Amino acid sequence: MAWKTTLALLFTLFNLSIGFSQITPVENPMDVSDYKCVSSDFDDLSFYLGDSSGDPIDSCNSGENIVAYIWIKSVNNPSRYSLWAQYTLSITDIDGNTISKIYQGCQYEKKLIPSNGQFQISDEIDWECGSTVNISGFYLAWRERATQNCGPTDPKCVRLGNQSRVETPVIANFNYTQECDSYIVNFENLTTGGKGIVEYSWSFVGGNPSTSFIKDPLSIDFTQPGNYSVTLTSSDEVGSNSYSETISIFQPIDSKITGNQELTCTTSEITLDASSSAVNGTASYLWSNGEETATIKVTEPGNYSVIVTDNSNGCSDKASITVEQNTTTANAVITGNQELTCTTTSVTLDASSSTADGEFTYLWSNGSTDSSILVSDAGDYSVTITGENGCSDKASVTVEQNTTTANAVITGNQELTCTTTSVTLDASSSTADGEFTYLWSNGSTDSSILVSDAGDYSVTITGENGC
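The sequence shown lines up with residues -23 to -1, 1 to 444 when you count with mature numbering (1 follows the signal peptide of the UniProt record, and there is no 0).
Heads up, some of the hints might be wrong.
[Unchecked claim] Calculated pairs, DSS-like style, for lysine-lysine (alpha carbon to alpha carbon, straight line, at most 27 angstroms):
(1) Lys233 / Lys192
(2) Lys50 / Lys78
(3) Lys50 / Lys13
(4) Lys295 / Lys274
(5) Lys172 / Lys192
(6) Lys78 / Lys13
[To be verified] What follows is a set of in silico ranges between Cβ atoms, one per label pair, in the way DEER data are often shown:
(7) Glu377 / Ser425: 29 to 37 angstroms
(8) Thr325 / Lys274: 56 to 64 angstroms
(9) Thr154 / Val182: 13 to 21 angstroms
(10) Asn163 / Glu269: 44 to 52 angstroms
(11) Thr388 / Gly420: 17 to 25 angstroms
(12) Asp28 / Asp158: 44 to 52 angstroms
Think of the hints as simulated: they come from the structure by calculation, not from any bench. All values reported here derive from a predicted model rather than from experimental measurement. Glycine is no exception: its CB is placed at the ideal position from the N, C-alpha and C atoms.
Using the sequences and the hints given, assemble the complete structure.
Here it is, written out as structure tokens:
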């Protein structure tokens, strides 16, 4: 919360002298608790602040020093003598500072107490206008005859045990507090004094609502920062007093954390930054890890928060984020035929079945960035897969080359005669890669053929590698 402060001007709030009044401050007051007060000679007592003639002080300016006196008013006022009093006088200034002293002594000693219904019980008080004056523990005793000595007695006495307010002029004053997260302002009425019922009238220029008639208005919305005029008028049955002040409405504090919020295989450290938080003056920072700088570096996933305090008004706001960790592993896979032969002079190596985070990239050992490559040379090939989180994996293969040659051989009698009308031509002793095939010039695919006609015959041997 934010608050208005008032510079305390410490005055000598009161000073009772000996002279006409013998009621003076005492360190060790007499114990009058056992006196039984049953007299009604003086009844329905009230106190007020007046001038030397007993006229009430009806108006003054807040903070002004006024020479005043404390007076008592009594409904009954018979002819009595030698007034003796004891009481505690407390004065609280406009800043809330209180001074209290105990007074006791005799007034009008062996003289007639004034019979006009009011009489003075103090000498000069250097009173600051707006200060509150209270009397407590009030005890008053008197004598029926002028020849009797002045002092505490009973039953000719009256006691007011509770605190009694000394009637002073009505003086308007207020304090205000703006809520930290809005333009809402709450007002505290600090009006002092007043006779009878005090009524209040507020004016809030630029506020919503713009007026109020309650003592302590709450939730006045000024909608935006700036300076606004506020006036409080406090009225009693004697008169009124107004106090105006220009109040400053500040921009509500708004804490925020910026920066990358994800740890990955390539980002092992990130910076969280609260320096863009909205404050009116300088800011103080307190992170959940105990650091007190505008930025912090983190290397671990988890929840992080910062409390930002606006040093100009004491308002604080908290922002939180969650730092994630994405280390999803990549898995590089190469598929496809990995052997060059007499009939397969190039092969395709394919890495598209690899997996990684998000849209991943390829980098082959031959420099290609495609998901597959076409190779026509035997040798070692590799691909590196890199995901969006920077995690990577590498797969390698060796492309072999199989060009083992075939060797066709035909055996058997190769001459027809009158007695040998057919011969067998046999190619089974041929050699080639793996399980090879036969194709004779007469179309046969057997390993041997029986021929009965003279002529040229041939066989083609083809190995598994196509040679």
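Against the structure, the hints:
For the given pair, Lys233 sits about 38 angstroms from Lys192 by alpha-carbon distance, which is inconsistent with the 27 angstroms threshold. Distance check on the hinted pair: Lys50 and Lys78 sit about 22 angstroms apart at the alpha-carbon level, within 27 angstroms; holds. Distance restraint check for Lys50 and Lys13: the Cα-Cα separation of roughly 22 angstroms lies within the 27 angstroms cut-off, and the hinted pair is therefore satisfied. For the proposed pair Lys295 and Lys274, the alpha carbon gap of about 18 angstroms is at most 27 angstroms, so the pair holds.
Of the supplied pair hints, the one linking Lys172 and Lys192 holds, its CA atoms being roughly 16 angstroms apart against a limit of 27 angstroms. With a C-alpha separation of about 24 angstroms, the suggested pairing of Lys78 with Lys13 holds against the 27 angstroms cut-off. In this structure, Glu377 and Ser425 meet the distance hint of 29 to 37 angstroms, their C-beta atoms being roughly 33 angstroms apart. With their beta carbons about 46 angstroms apart, Thr325 and Lys274 fall outside the hinted range of 56 to 64 angstroms.
The supplied range of 13 to 21 angstroms is met by Thr154 and Val182, whose beta-carbon atoms lie about 19 angstroms from each other. Evaluation of the 44 to 52 angstroms hint for Asn163 and Glu269 yields a failure: the beta carbon distance comes to about 31 angstroms. Taking 17 to 25 angstroms as the suggested C-beta distance range, the pair Thr388 and Gly420 conforms, at roughly 20 angstroms. The hinted window of 44 to 52 angstroms between Asp28 and Asp158 holds, with their beta carbons roughly 50 angstroms apart.
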